[in-house]
Structures are given as structure tokens and as C-alpha cells.
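Trainee: Given next are the chains, with one letter for each unit.
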Amino acid sequence: MLKMTINRRIRRILSENRSQYIGSFILIVLSSFLFSFMGQFACNFKRLADNFRINNIQEDASFVTSVSLTSLTELESMADAVIEEGLKFDYQLADGLTLRIFSMNEKINLPGIVEGRNVMADGEILLNPVFAESNGFGIGDEIKIHGKSYTITGYLALPNYMYLLQSEVDMMPRPGFGIAVVSRKDFAGFGIGSPFYSVKFNHSPEPLRVRSARLRELIVEKGVEIAEWTNADDNKRINIVDAEVEIISMVSKAVPTAILLLAVIIVSRIVSRLIKRDSTIIGTLYALGYRKREIYFHYLRLPLALAITGSIAGALPGLLPVRAMVSFIFDAFNIPLTEIETDAGRMAASLIIPVLIIVLSSYIVIRSRLRRSPADLLRGRKEKTGINFLERALNLEKVGFTVKFQIREQLRSLSRVTFLLLGIAVATVMMQWGFSLKKSTDFLLTGGVSGIYEFGYEYKFDRLRADPLPYGAEPFSAALFVPPGAEKKDLYVMGVLPASGMLTLTGKSGALLSTDMVIATIPAAKMLNTAEGEPIRVIRKIDGREFTIRVDEIADTYAGNFIFMPVDEYNKMFDMPEGSYNGAFSNVLLDLPADVSHSMVTMEEKMAGVEELLGPTKSMIGFVVFMAAIIGMIIVYLVSSMIVDENTITISLMKIFGYRRKEVSNLVLNSSTMVVVLGYLLGIPLTMSAIGSMIQSLEDSVGLIVPPARISLPYILIGFLVIMLAYEVSKRLSKRKVNAIPMSEALKAGME
Amino acid sequence: MIIDVSELRKSYRTGNVVTEVLKGVGLRLDEGEIGVILGPSGSGKSTLMNLIGGIDRCDSGKITVDGIEVTRLTDEELTLYRRERLGFVFQFYNLIPNLTVGENIEVVSNISTSPLKTDEVLDAVDMLDKRNRFPQELSGGEQQRTSLARAIVKNPGLLLCDEPTGALDYDSSLSILKLMQGINVRFRTTILMITHNSAIAGLAHRVFRLRSGEITEELVNKSILPAEEIIW
Ligand SMILES: Nc1ncnc2c1ncn2[C@@H]1O[C@H](COP(=O)(O)OP(=O)(O)O)[C@@H](O)[C@H]1O
Ligand SMILES: [Mg+2]
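As they're listed, the protein sequences go chains A and B.
455 is the number that my numbering gives to position 455 of the first sequence; each next residue is one higher, with no gaps.
Residues are numbered in my numbering as their position in the second sequence, beginning at 1, plus a constant of 1000.
Simulated from the structure, these hints should not be mistaken for lab results.
A portion of the hints provided could be inaccurate.
Straight-line C-alpha distance at most 30 Å; calculated DSS-like pairs for lysine-lysine [stated by the list, open to error]:
| id | chain 1 | residue 1 | chain 2 | residue 2 |
| --- | --- | --- | --- | --- |
| 1 | A | 276 | A | 107 |
| 2 | A | 541 | A | 107 |
| 3 | A | 748 | B | 1130 |
| 4 | A | 185 | A | 88 |
| 5 | B | 1222 | A | 748 |
| 6 | A | 404 | B | 1023 |
| 7 | A | 541 | A | 46 |
| 8 | A | 398 | B | 1117 |
| 9 | A | 541 | A | 662 |
| 10 | B | 1117 | A | 662 |
| 11 | A | 662 | A | 735 |
| 12 | A | 662 | A | 737 |
| 13 | B | 1117 | A | 276 |
| 14 | A | 200 | A | 541 |
| 15 | A | 731 | A | 748 |
| 16 | A | 748 | B | 1178 |
| 17 | A | 222 | A | 88 |
| 18 | A | 526 | A | 200 |
| 19 | A | 144 | A | 200 |
| 20 | A | 88 | A | 236 |
| 21 | A | 144 | B | 1178 |
| 22 | A | 526 | A | 508 |
| 23 | A | 398 | B | 1130 |
| 24 | A | 460 | A | 398 |
| 25 | A | 200 | A | 46 |
| 26 | A | 526 | A | 236 |
| 27 | A | 144 | A | 404 |
| 28 | A | 88 | A | 541 |
| 29 | A | 404 | B | 1117 |
| 30 | A | 572 | A | 276 |
These stretches of chain A come out as covered by chain B in the derived footprint (C-beta under 8 Å, 3 or more residues) [unchecked claim]:
| id | segment |
| --- | --- |
| 31 | 401–407 |
| 32 | 648–659 |
As the structure is a computational prediction, the values presented were derived from the model and not from experiment.
Glycine residues also receive a C-beta, built at the ideal position from the N, C-alpha and C atoms.
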């Protein structure tokens, strides 16, 4: 009988507080959905990448030597590794279209077939899908290289080119760059191409870095000079995948957790109020001999039902867009999408974690409410809602009535005001994060290079050269270095002409810096943790030799990790032949002999297609900002509904006293304005720290240093407008509820 | 004459059942008088008062208050009518729980054109020292005194009190009644009070008996008692 009464009461509470119930349900669904969707996305991304690496035998390292290695088998057995020689050259397909063509490997870095079939005969070629599709090459089409036609038999992915960077200094792939593979025989027909070696060590517990260093020594002992050496761990074309997976899985946990926290506040509130209302009945049930457990379970049923239905309604649909999302991101990462699998662990977590957290928090609420004795509970009805310490401590004598009333209204329920504050802050973080995504993409695509480079073409030669360059070109020498003890981070030290006309570097004060000094970019200086004039140690990546450099000036740019110095000084300091160089900046196309193996990048290419690449990013940003606005709206609507529900008598009373509808709404609903503004302001520093930790993780995993999180004023204002708009809309919806409250509510008050 | 009610009818419909609550009620009260409506529970007292107070609308009949034909006012005009002319006191005080005593008074003075000072009315009901207390920290009598202060802060022409002592013990009731009589004398406020306690009729100028929606008796009190002499 009494249980039936309670059930009826629960039903009544549900209908009375429908908005809270629906709101918390939506938040649980949203949280579960994102947790499941983004989690499955991250799992599939990682699994597909890992499978590709293993099945197609990703290299452990690759290197280029000054002369071809003659006795590979001997070296293989000495280093306990598989070493395969490959050939490549960059082919200028058209203006702005560069195809890097590889000879087919048989042991390491085997092409993965994304679509179509592998090359089997001569005259066949594989292309990477994004390049093919964006330039109108279909399977079966012909492509002309050096005057000879090749049939495209399929689309490929290479394990050492999962992230399609043309040059290692790049940060993002560009649309005009693609990769292709032809048979060894066909490649020989080109008559050009520079050899490089891929290494895969046989299984052993020894760290790769150590084995890598030993192999280097073996090669040097043979009297062969190593021109370039890259371990897979330091290879951006490989390790950016790990960074991306890490960021996605970070976001896939943080965002749903924040949303779930909001749901927890609301559900705890519902339960707490339910028990407060029912305390007489509970006291009676105790008195009648009901066990605590039975009563606990009874009140846990509501949150349990909410959490179970919510997590199912969120987690299962979360599986649907996983394939679309993976295929979307695989436009940026060239990895075969073989099959989407559902990660059982993540699925279970998406279903169980929300239930666990909601039920646990409800349990804590119930326990703290039911701790009183049955006699106390029976008396409980008399005990009105308490006045909290903030309300009591507040001295509002000097404040106008409207502000006073609004402050009191907000402070009346600390859980409600916390919810509003946190909710708006979460929405703000999401939105500003979306905006900063756009800004950092802009930076990565343009800001990185546009500011300082003043040349049209950048050449890199596979061997050292000393020949004079024509007018309009400047030689440079460059090598990769790492700071001691931080092999993940690398920087280029570049020897350039003193007073180079190809680089515009400015100091902190804005004054032009001449390249007759040693100049570091900000990311390089940060990486080395150095100030002007301090000697710093750096280790040359290729041979592990340590050098000491003294940086004279720090240039005010984030354009990559570079230290520039006069080329003669460079050659002397790093033991390079006098007058030698391995690259050139140029404003004219160089007429190089056919045997000079090189790669060339045009600056226009670097800039081209920025808009194209921004396309998907823009739609992502739009989605994130839209989601943030929706979350903001749900939260404000929920809070407004709570305020109205909890103030029916006050509102009714005000109407009796002759308040106009507008005046009532102003006092009651507008009270949230200050909290919304405060929540927004709180969101700004939170965004900074969120982005900060993301940048840090990028820096730690791939050594990418981007400018510190700085939220620009226009975006702060735009975000504020969006939040305030969402606030106005939900306030308008709540106004109807205020208007609908009859004056008789107050007249009935106290009668029951 | 400040209140003139004639032929007032009101019925409620719940489902298919129509209850006739007021069946042609007539009532008059002069300015500065205290009128008491006596009647058993369910006789329609509150309904009548809500109609006079412009909180509810009648089916037919006419109510004039201070020359205003209340029964013909639009919603907006009714709002203004309540705002400018009426003070309300309820049986269960209806103080706003999260506002202090002083702030509860300000809820009304906030929308009045020339309100009295909060401290002045609080002093009048002897609540000045509890100005910063919250309602739940007060006794019933203190809460009703606050509610009375709230009703008179705008210095209304008409004070409508629905069972103002209905929830109070004898001593507290007496102090409320004394205050009301004092207000009536000091500010010449017309007071219409509902009660089912016939002893209270002793302080009224006019007494109306309501039974099943009809005025069965109207009485002009020749020997008005001071509140402190009322006994029950
Ligand atoms: N809103 C309403 N709907 C339906 N019936 C009502 C309503 N208000 C009052 N009544 C009925 O009208 C009658 C008179 O009520 P009321 O005026 O409150 O009496 P009193 O105040 O004298 O006790 C009662 O029978 C009551 O049930
Ligand atoms: Mg009544």
C-alpha cells in the first residue's frame, strides 16, 4: 500500500519536474553517445593503424647513404635486421602537382591496397587515394610519367607514409602531393631515382634506439657516410598517427565526463528533493519495519532507470557514425580502412560507466538524507528548506531590490547555481576549443611559413654539392638535431648566406635581424630551453655527435624549429667540407643535371589548397560550435525550468501583488544572467588550460611546438554572443511557463 | 462607500459537475470601516474575497471598489488595481522563504508609487529587530505580523484578509487583531476580513454572515470592542 503511494509520488514528481527529468536524460544520452562514438572511433583508428603497421611491415628506421651499400646480406646478419633498398624520385606531374614515385618493395613498407589490386605487370601503377580522387585519376585510367603511360590498377597506402608529408619540416599534408608505386623493373626504366634503405629489426628485447645506433656504427665502419637517418619513432609521417589517436582519446574522455558531471548534479537534485518530500512516508515505512536496504533500493530505481535507458539510448547509436568518421579522418591519414570493429571493452564502458556514476552519486545523496532517525524523518515535513551559509552570510542592504532578489534567487540552490556555472563553462570551453581549432589550422597551414620565407622554390639535394648556383638562388646546409635527452623533439640547424635575402626574420622589437648571427625561432629556443647568449648542447641526429651552439638572437616567429647561422660558420662547426651545401632557396627554377638527385617544393604549393583543406575542418568547427550552443541551451532551459518550478508560489504571489508578467520574468528568469556571464568568463581560462594540455601532448609526442593558446578577442565576443543567444531563446521558452502560473497557487499554499 | 457588491454569482465546473458557490451575493462597506465575513468552511467566503480582490472573475453581478467597476476591468487593469489599491493578508502568511523579513516587505514596496518606509512598517508591527531574519526562523505570529507589514507598506485603500488568525494561537491572534484595528484607526484603511470565528466580529463595524453562497444576515455593530477585549 505505502509502496504504491510512493510509486504514485514518483510518477507525480516526474510529471512535475518533467524538464529536469528530460534534461538529465538528454545529458546522459549525450555523454554516453560521445563516449561511445569517440571511443570507438579512437579504438578503430588505432587498431587499423596498428594492423597496417604489422601486416605491411612498417620500417623501424630508414636512411640514405652517400654511396650504395654493397653487402646488404652481411649487414643484415650483423645487425640482426632486414634491410631493403628502395628507390624514389619526385615527379612534377603538372604545376603544383608532385608525385613521389617509389619502386615496389618486397620485404618492408609493403603497399596496402585501399581499393583495386596491386601492380602485377609492367606499365602499372598504384596511387594514394586522396591524390587520385582530387586530381581526377580513377582506377583503370592512364597516367603519363616521363612520356610513358601507366595504368592505375589501384589505390595504395604506405606504412611509412601514413601521414603524407612531402617534407619532414612540413606540419600538414598538402593536396598537390601524392605517392605512387611502380614495379622495380619499371622504375629502372626511368633511369633516375635516389636509393634509400628501410630497416626492420628482427625481434629482440633490446630497445630500437640502441640497435639503430649500432647499425649506424656498422655502416660507418664500412667507410660509408650516412646522409640521412630517421628512426620510425621520430618520423612525423608515422608518429603523428599516435599523437592524433592520443588527442582523440583524450577528448573522447574529457567531454563526456564533463557532460556526465552535469547530469549527476541534476539527478542528485531530483533524488534529494524526492526524499525530502517523502520523509514522512519514509519515517512511517521505517516505523512499520521496512529495512533500510529496501528503501534505498526503492529510491535508487529512478536514477537507475534514467541511467540505464540513457546510456543505452546513447551508446548504441554512438556506433553508427564510427565508419563515416574513420573514413573522414582517413582522408588526412592514408591507412587502409579494412573493417570497422566494435571494441567490446569500450562498449561495455559506455554502457556501465554512466550507470555506475549516476547510481553511486544518487546512493551517496540518499545515504546522507536517510541518516536521520525515523522519528526525525517523521517530523521532517515541518522542516522547511534550509537557508544555506551563503544566503545567510550575504549582506545586501546597499543593493537595489532587483539585484538583491536575483542574487538571492540564484544562491537559493547551490547545486542549481553550480550546475549553471559549470554547464555554461563547459559549453564555452567546447566552443572556444572549436574556434582555436580553426586558428591553429590556419597557423599550421600558413603562419608557419608565410611570414619568413621570401623565395619561390626550396631544393633539397640528396648528396652534398659545392657547385656554384645561378643568380637568384642561395645555397643552404641543413641537418636535424635533437636536444640531449629528448630524442622525440628535433630541430633543423641551417647554414644560410649571411645577410640572406631569402629570409625575413624580425626580433622581439620588430627590428629586422640579419642572418650573419645565430638566430633561433621561438619553438627552437623553447625546445632547447635557452635564452640569447647561452651556450647550448645539441646532438646531430644522423651520427649522435654532440655540439655546442650559442644563440645570439631569437626571432619572433613560430615558423618551425630552426636555428639559422651563416653557412661558413655552419660548415666549420659541424665538420662539413668548406663551401658545401645540401639545399637551396631559389626564385628561379634550377637547371640541374639529371644525376643530381633532389626534391623541390614550391612555396605556392605550400600555400595552395589551404581553403580546400580547411573545408572539412570548417564543418567540424561548425559542428562543435553548434553542439556547444545546444548544450548551453539545454542547460539554461533546465535551470530556468527549475527556477520556475521552485518558485511557483513566489511567482503567483507576485502576480497577486500586482506585478506585471514582464516584471516577474525579469526578476525570476533574468537572475541567471549574471551566472551565465560568470560561467562564460570561467570558461575562458579553462579553455586556455585545455588547449594548453593538448599542445603539451602534441609537443611531447611529436615535438611539435605551436604558439601558446591565445584566445582572440573577436572569438571571445562571438562565443559570448552565441551563448547569450542560446540563453535568450531558452528564456523565452520559460517565459511561457511563468505566464501560465495561476494566482490561485499562492492561495492554495499551505492548505494541503 | 468603498465596496459595493451586488447580485454576484460564481460557479465552478469540475468535470461535468457545476457547483454554484456564490448565488447572488450583495454587500456594502463604507470607507474606513472594518467588515467581517463570517461563515462555515466551504460557504464561499474566499471565493467572494478573491472576486473583490481582482484575483478571479465572476459569472455575473457587479463589484465596485472606490468607484472602480472591478468586474469590467481587463487583465492589465486588474493588475494595476491590485498593485495600487489592495493589500493582502493570507491565512498561511505566504512569505517568500529565501528573502529576509525586510526583503519580503520590499517585494511590495518595489512596485508601489509612494510606499512607506520599510523600517516604519516593521516598527508598526513590532518586527524591526527581526528585520534580517528569514521567515523560517520566525514564529507563526511573527510571520503574520511581517505579512501584515508587507500588506500595509504601500498604504493601500483596502486591506483584504482571508482568515488572518486561522493558523495562530490565541495570543498571537489577538496581537494581529490589535494591529489591524490600530492600522484601521491610524491610516483609515478599510479592512475586509474573513473568519469563521464569530468572536472576532466584535471589532467589526459591519458583519456579514455567508451560508451556502448567500448572505443570510447583515449586521451593523453598535458596540465595537477593542481587540484586547475579544475572548474565545
Ligand atoms: N477553483 C475551484 N474549483 C472548483 N471548486 C472550487 C474552487 N474554489 C472553490 N471551490 C469550491 O467552492 C466552495 C467554496 O469555497 P471557498 O470560497 O474556498 O469557501 P470558504 O473560503 O468559505 O471555505 C467549496 O465547495 C469549494 O470546493
Ligand atoms: Mg477560505
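Trainee: All hints, please: hold or fail.
Mentor: A quick look at each hint next to the structure:
{"no.": "1", "hint": "A:276 - A:107", "result": "72 Å, violated"}
{"no.": "2", "hint": "A:541 - A:107", "result": "26 Å, holds"}
{"no.": "3", "hint": "A:748 - B:1130", "result": "27 Å, holds"}
{"no.": "4", "hint": "A:185 - A:88", "result": "13 Å, holds"}
{"no.": "5", "hint": "B:1222 - A:748", "result": "35 Å, violated"}
{"no.": "6", "hint": "A:404 - B:1023", "result": "46 Å, violated"}
{"no.": "7", "hint": "A:541 - A:46", "result": "28 Å, holds"}
{"no.": "8", "hint": "A:398 - B:1117", "result": "15 Å, holds"}
{"no.": "9", "hint": "A:541 - A:662", "result": "71 Å, violated"}
{"no.": "10", "hint": "B:1117 - A:662", "result": "26 Å, holds"}
{"no.": "11", "hint": "A:662 - A:735", "result": "9 Å, holds"}
{"no.": "12", "hint": "A:662 - A:737", "result": "13 Å, holds"}
{"no.": "13", "hint": "B:1117 - A:276", "result": "38 Å, violated"}
{"no.": "14", "hint": "A:200 - A:541", "result": "19 Å, holds"}
{"no.": "15", "hint": "A:731 - A:748", "result": "27 Å, holds"}
{"no.": "16", "hint": "A:748 - B:1178", "result": "26 Å, holds"}
{"no.": "17", "hint": "A:222 - A:88", "result": "24 Å, holds"}
{"no.": "18", "hint": "A:526 - A:200", "result": "34 Å, violated"}
{"no.": "19", "hint": "A:144 - A:200", "result": "33 Å, violated"}
{"no.": "20", "hint": "A:88 - A:236", "result": "19 Å, holds"}
{"no.": "21", "hint": "A:144 - B:1178", "result": "109 Å, violated"}
{"no.": "22", "hint": "A:526 - A:508", "result": "15 Å, holds"}
{"no.": "23", "hint": "A:398 - B:1130", "result": "18 Å, holds"}
{"no.": "24", "hint": "A:460 - A:398", "result": "73 Å, violated"}
{"no.": "25", "hint": "A:200 - A:46", "result": "21 Å, holds"}
{"no.": "26", "hint": "A:526 - A:236", "result": "20 Å, holds"}
{"no.": "27", "hint": "A:144 - A:404", "result": "78 Å, violated"}
{"no.": "28", "hint": "A:88 - A:541", "result": "22 Å, holds"}
{"no.": "29", "hint": "A:404 - B:1117", "result": "18 Å, holds"}
{"no.": "30", "hint": "A:572 - A:276", "result": "82 Å, violated"}
{"no.": "31", "hint": "401–407", "result": "holds (count 4)"}
{"no.": "32", "hint": "648–659", "result": "holds (count 9)"}
The structure fails hints 1, 5, 6, 9, 13, 18, 19, 21, 24, 27 and 30 (numbered hints given earlier, in ascending order).
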